[in-house]
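Since the structure of chain A is provided, determine the placement of chain B on it from the hints.
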Amino acid sequence: MSEDTAAVTRIETPIYLKYNFTAGSAPARFLARIREGVLTGQRCPRCANVYIPPRGSCPACGVATEEEVVLPDKGTVQSFTVVAIPIPNNPIKPPFVIANLVLDGANLSFIHLMSECENSEVRIGQRVQAVWKPSSEWTHAMDNIRYFKSIDEPDVPIEKIGKLPLSGWEG
Amino acid sequence: MKDIAIVAFSQSDCLARAGAANEVELIMPQLRAVFSQVGLNNAQDVDFVCSGSCDYLQGAAFAFVAGVDALGAVPPIKESHVEMDAAWALYESILKIRMGQADSALIYGFGKSSSGELPIVLSQQLDPYYLAPLWVDTVSLAAMQARMLLEKELITERAMAQVVARARMHGRNNPHAQLGGEVSVDELLAAPTFVSPLRESDCAPVADGAAAMIICTPDKAREWGVPYALISGIDHRIETHNLGMRDLTDSVSTRLAAQTAGVSRGPVEVAEVYAPFSHQEIILGRALGLGDETVINPSGGVMVGNLMMASGLSRLGEVFRRIVSGEVSRGVAHATSGPCLQHNLVAVLESA
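If you read the protein sequences in the order shown, they are chains A and B.
In case it helps, my numbering puts the first sequence at residues 37 to 207.
In case it helps, my numbering puts the second sequence at residues 4 to 355.
It is worth saying that the hints were derived from the structure and are not from the lab.
Glycine included, every Cβ here is placed at the ideal spot set by N, Cα and C.
Treat the hints loosely; a few may be bogus.
Said to hold, decoys possible - According to the in silico footprint, chain B covers these stretches of chain A (three or more CB under 8 Å from chain B):
no., segment
1, 44 to 51
2, 55 to 64
3, 81 to 94
4, 97 to 111
Said to hold, decoys possible - Restraint-style ranges between C-beta atoms, simulated for each label pair:
no., chain 1, residue 1, chain 2, residue 2, range
5, A, Val118, B, Asp6, 58 to 64 Å
6, B, Ile123, A, Asp40, 36 to 42 Å
7, B, Asp48, A, Ile121, 43 to 49 Å
8, A, Val119, B, Arg150, 56 to 62 Å
9, B, Arg20, A, Thr49, 29 to 35 Å
10, A, Phe57, B, Asp250, 28 to 34 Å
Unchecked claim - DSBU-like mimics (lysine-lysine), calculated; alpha carbons at most 35 Å apart, straight line:
no., chain 1, residue 1, chain 2, residue 2
11, A, Lys199, A, Lys129
12, A, Lys196, B, Lys81
13, A, Lys196, A, Lys110
14, A, Lys169, A, Lys110
15, A, Lys199, B, Lys81
Bound conformation, chain A alone (with noise of 0.2 Å):
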């Protein structure tokens, strides 16, 4: 290479690739029936356990879940976060609430957002409920839900977290 020649520091290269991506058949059914606002979780032949979303697997036991189960919208504050700084693309002001919620009867955690409350008061064990969207806007999303409010009920204890029966919690 002679001296005057620019070293080529970068190329762009850009790859467009189109799929038609699918879901899942087990993933599907639950889109199917949010689309009607109800939660549909999947419960293990083997272990019992109830997953939602589901995916189709039990990844505890390594087993199809087709029993499926019609899920209540309250549940229990596993965990959570006030987000503080803005996220690049996300269209939701700061502070905000990211939390990771059981449904009564499921025995596996989904991440939502938390409204309606008091930031400083969210708490492990918190009993929370959807807001929906008004039903004319419903589509095959999570979104649905807008958010979860809490709802005055008593806190869950932790070791019962994820171990509700389908009726809810009683305190």
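Relative to the frame of chain A, chain B by itself:
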């Protein structure tokens, strides 16, 4: 050197489209099948697990991690993955057993190629500076290879069509095949070329699906009380990514791997070779030194159904099934990866 026993194998149907199924849903039925062949519960009952897949195929980042949901990995298991055909996951598992770190292993491969445009997706495995930006697809590269063979008079279009006709004939007896049936060489040759000189029939159909296998030490196989076949030799060799540097009319890597795997140390009754294009089966037959006494691709091979990332493993599985059923006592299995047979694995399987 420790002998390796294959004790179980299962493969899904080759489907042009697996519908809504995700990776876990593709894998699970095959895992259930191999576990039940041996009498195991889940991956807790083997010492090591290794899978082969490529996230580019279905366009899902870390799909191979999601696949772990099919295993029963609670409590945690020893698990590994290769971004390759599962035949190389088998190779890694064999090393693990030979090093004394495991007595048994579960291997699986899966792919959902129908989500994307496979020939274009595979263009991204090429050299990133010169070739990948040109989007050179795998069918075009294979067509150039076929052209060289034809021009040098190393093959004829009729010989290519004979490969296809035989594969389809064998495919009639393969319950998992996507294509199969009687078709004459003349009928095949009457069809127009697709990417010349290749006709559509010269190219393996794209299929979604999965395959799984369980291997172990012979002691473990006897403890489990299941029939098994032995892998008496295995090797794999890779050629340069620079296509211009390679002799595309030969498969030097297959030839070398066949020597070290010991292919010629005994009669080869069957050979299952992974040839996604008809002319490549002819190249591979020559590189493996196969003669008229060998039945090539009794399953129909990938010309009747190509499960990307699982077809290589399935080649071993097909030979295993024929040995355990008593149909044959010695056979060869071959797997390939990369454009124009760049990387090749050869294994010799024998009855115990």
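How the hints compare with the structure:
Under a criterion of three residues with beta carbons nearer than 8 Å to beta carbons of chain B, the stated coverage of the segment 44 to 51 of chain A is upheld, 3 such residues being counted. Taking a C-beta to C-beta cut-off of 8 Å, the segment 55 to 64 of chain A contributes 10 residues in contact with chain B, enough for the three needed, and the coverage statement holds. Coverage of the segment 81 to 94 of chain A by chain B holds. Counting CB-CB distances below 8 Å, 4 residues qualify, and the rule asks for three or more. Three residues within the 8 Å Cβ limit are the bar, and the segment 97 to 111 of chain A against chain B gives 4, so the coverage statement holds.
At roughly 59 Å, the beta carbons of Val118 (chain A) and Asp6 (chain B) sit within the given window of 58 to 64 Å. Separated by about 39 Å at the C-beta atoms, Ile123 (chain B) and Asp40 (chain A) satisfy the suggested range of 36 to 42 Å. Between Asp48 (chain B) and Ile121 (chain A) the CB atoms are about 47 Å apart, so this pair conforms to the stated range of 43 to 49 Å. Look at Val119 (chain A) against Arg150 (chain B): about 59 Å separates their beta carbons, and that is inside 56 to 62 Å.
Distance hint check: the CB atoms of Arg20 (chain B) and Thr49 (chain A) are about 30 Å apart, consistent with the given range 29 to 35 Å. For Phe57 (chain A) and Asp250 (chain B), the hinted distance range of 28 to 34 Å is not satisfied, since their beta carbons lie about 40 Å from each other. Note on Lys199 (chain A) and Lys129 (chain A): the hinted pairing holds, with a Cα-Cα distance of about 33 Å set against a maximum of 35 Å. Restraint check for Lys196 (chain A) and Lys81 (chain B): the C-alpha separation of about 31 Å stays at or below 35 Å, so the hint holds.
Annotation: proposed proximity of Lys196 (chain A) to Lys110 (chain A) holds, straight-line Cα distance about 15 Å (limit 35 Å). Distance restraint check for Lys169 (chain A) and Lys110 (chain A): the Cα-Cα separation of roughly 16 Å lies within the 35 Å cut-off, and the hinted pair is therefore satisfied. Note on Lys199 (chain A) and Lys81 (chain B): the hinted pairing holds, with a Cα-Cα distance of about 29 Å set against a maximum of 35 Å.
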